[in-house]
Amino acid sequence: MLKDLIGALILLLIASGYYVLTGDINSSALADEIGAAGVPVVYAILLAAIALSLAAKALIRRRFTRAGDLEPINDLQGEGRKLSGAAGMLAIGIAYVGAVTFVGYLISIATVIACVALYQGERVGWRLARIAIGGGITFWIFFDRLLGVDMPSGFWSALGGA
Amino acid sequence: MTAAWGGGHDSSLGGGHDSSLGGDSLGGDSLQQPGGEMIAAVLEGLNLLVTTPLALAAPAGVAWGILGGALPGISPSISMALLLPFTYGMEPISAIVLLASTYIGAEYGGSIPAILINTPGTNAAGATLLDGYPMKQQGRGGEALGISLYSGVIGSFFGLLMLVLLTRPLASLALRFTPMSYFALGVLGLSVIASLAGKSILKGLAAGLLGLMLSTVGTDPISGVPRFTFGQAALLDGIAPILVMIGLFAVSELFLQSSQPAWEKAPPESTKIRFPDRKMRRRLFKPQLIGSVVGTVEGVIPGAGGTIASFLSYNEARRWSATKEEFGRGSPEGVAAPETANNTVATTALVPLLSFGIPGSNSAAILLGGLLVHGLVPGPRLFEENADAVIGLYTGLFVASLSLLVIGSAILPLCLWLVNRPKAVLMAFIYALIFSGIYTINYSLVDVGLVLAAGTVGLVMRILGLPLLPAVLGVVLGFLVESNYRRSLVLSGGEHSIFLEDPIATSLLLVAALFIIGSIATRIWSSRRGGKEASHA
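Protein sequences appear in the order of chains G and L. Position 152 of the first sequence, counting from 1, maps to 151 under numbering that gives the first Met the number 0, and the rest follow consecutively. Position 23 of the second sequence, counting from 1, maps to 22 under numbering that gives the first Met the number 0, and the rest follow consecutively.
Don't take every hint at face value.
Said to hold, decoys possible - Straight-line alpha carbon distances no greater than 30 Å define the calculated DSBU-like cross-link-like pairs of lysine-lysine that follow:
1) L:Lys198 x G:Lys2
2) L:Lys323 x L:Lys278
3) L:Lys198 x G:Lys81
4) G:Lys56 x G:Lys81
5) L:Lys422 x L:Lys271
6) L:Lys323 x G:Lys81
7) L:Lys271 x L:Lys285
8) G:Lys56 x G:Lys2
9) G:Lys2 x G:Lys81
10) L:Lys285 x L:Lys323
11) G:Lys56 x L:Lys198
12) L:Lys271 x L:Lys198
Unchecked claim - On the chain L side, residues computed to face chain G include the following (Cβ under 10 Å):
13) Pro58
14) Leu201
15) Ala205
16) Phe227
17) Phe274
18) Gly477
19) Glu481
20) Leu509
21) Val510
22) Ala512
23) Phe514
24) Ile515
Claimed, not checked - The following label-pair restraints were derived from C-beta to C-beta distances:
25) L:Asn419 x G:Gln76: 26 to 34 Å
26) G:Gly22 x L:Val510: 34 to 42 Å
27) G:Ser15 x L:Leu45: 57 to 65 Å
28) G:Ser52 x L:Gln231: 27 to 35 Å
29) G:Phe63 x L:Arg522: 16 to 24 Å
30) G:Ala90 x L:Asn314: 44 to 52 Å
31) L:Asn419 x G:Gly97: 29 to 37 Å
32) G:Phe101 x L:Gly230: 23 to 31 Å
33) G:Leu20 x L:Ser496: 29 to 37 Å
Simulated from the structure, these hints should not be mistaken for lab results. For each residue, glycine too, the CB sits at the ideal point set by N, CA and C.
Bound-form chain G, shown alone:
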């Protein structure tokens, strides 16, 4: 139930933000009767209406839920672990996007492999190093050399390398 309430709140925020942004859409002499902002405005209003319905439904259910009912009021317990687990993975991804242009694909992708494996419980040691370096080189050979994809070379290009 708490999950539905929070979900409804997030959806309402998205609908509001999206509605505000429709105000930035320019009008055009070529526009039809509905205009470029017409359909987005309808979407925003519909989403807001659904969000409010979800919230109302959750509140009504909460009102009639008694102790001992099968459905718990706080159904978000344990979900924080999922978010924190994902946050680490997301951080690794963002770091990759930020660093790959400067560091180069080969080193970045090997680092991603090492970081994710480490984050998921692999121990620090030669095995991890072998996996990361071997994986990085394999990916680099496959994408850059075999498929001919121009992967970011980073500072290596200044040194005349990959």
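Following the hints, put chain L in place on chain G, whose structure we already have.
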């Protein structure tokens, strides 16, 4: 890209890759006429087998699909999504066959961990587990795997036959489509949300609207003004559906898996595949027939999918079995029925996709992305303008079904090895593969960022219980719906009655309404039945 699918977002859907299928050697008639033209189509299929890498793409897709399906958490759609970026540089027919074959392979692959470690590799394999794992516990794991593979091949061939028979007649109807009809078709596609919404129809609608909102990013289809681009030129073509799909399905699954415990290991001595003997084949005929019929019906109806087909056919096989008491305790029929059904769905799900462009499942949505990337627009024009692509797809699926039998047994040791790799290492390699694959599409790190963002949104949606497929449907169909709605109103001078004056549009809107009412009625009926059962208990 046809006018019906819009113009403003061409590059985002087509990726700037022109189809090389312009030379329609058969003039499109080969798929219209029976008899002699059918023979010409078969000959063209054989020709394509020799002149294109089709014969390699099909088994490669099957092998990839089996490996992906065998990994718990990697669904058929995720296996296909991971492969999608690599198909950009490929010749269109081979690319589509590779993706479609992956779907076939993954449906079988999902049964491997279901039978061996009591963990379904795919949702549809959840029904296989009910008797497959007990068989393995009785030391009959090899027999269960053999029945699963044999039934999967039968289902795959049956589904292919239905695909060939049903698709063209349905698609020919779409030749008479107007902008009003295309709008109504889009609405029909979106009406699938009613049955895909999971527990809450409101959540399904919310997810669908989120997808529709994403589809408005980019250039307006009528006036050409930019919308929600924040001054970024990269967003003028809109957000490519492929990025949303990979983010929502694959990345969010990795995010979710990062907090899950490692899956169970399969015993290394786990079996050699043992195919059913003649007596067993006779016994399996009835459940396989049930699986084929249920799989065809469920595949053709958008939104039903392999999981429902598997459980439904399992239930029907038990109902019609002479040995009901064996079900749940290691019945071979309990493995055969769902495995036939989910492999039948893997091919019949292409019927609504190829005929009308409606993706009825996650995997079909990914395949639609693959078709659009190569400039192949589903519908009647596909059969007219790219007949060789359709023939190539049918031929490729035939080769894929055949190779499933061979690769399915040969690849088992590799599957076992893969399933037994540390989860940490597997996740690291999949993450690296996604980053590398996405970059190859447009050589753009913005795309990688968008996929990470879509993955985060997907994770939040999963946690909040918002279904993912309605959002994908919204992204894929949003532009079709909006552009044709507005074109229709331009034609009518703003009169909405134009939608009721077009017979096809009216019929499709009526079907959509019936579909929605039917889904809601089913929900109410199920919840009342559930309530009654609970009160009796």
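Item to check | Indices of hints not satisfied (ascending) | outcome: 6, 12, 13, 17, 20, 21, 22, 23, 24
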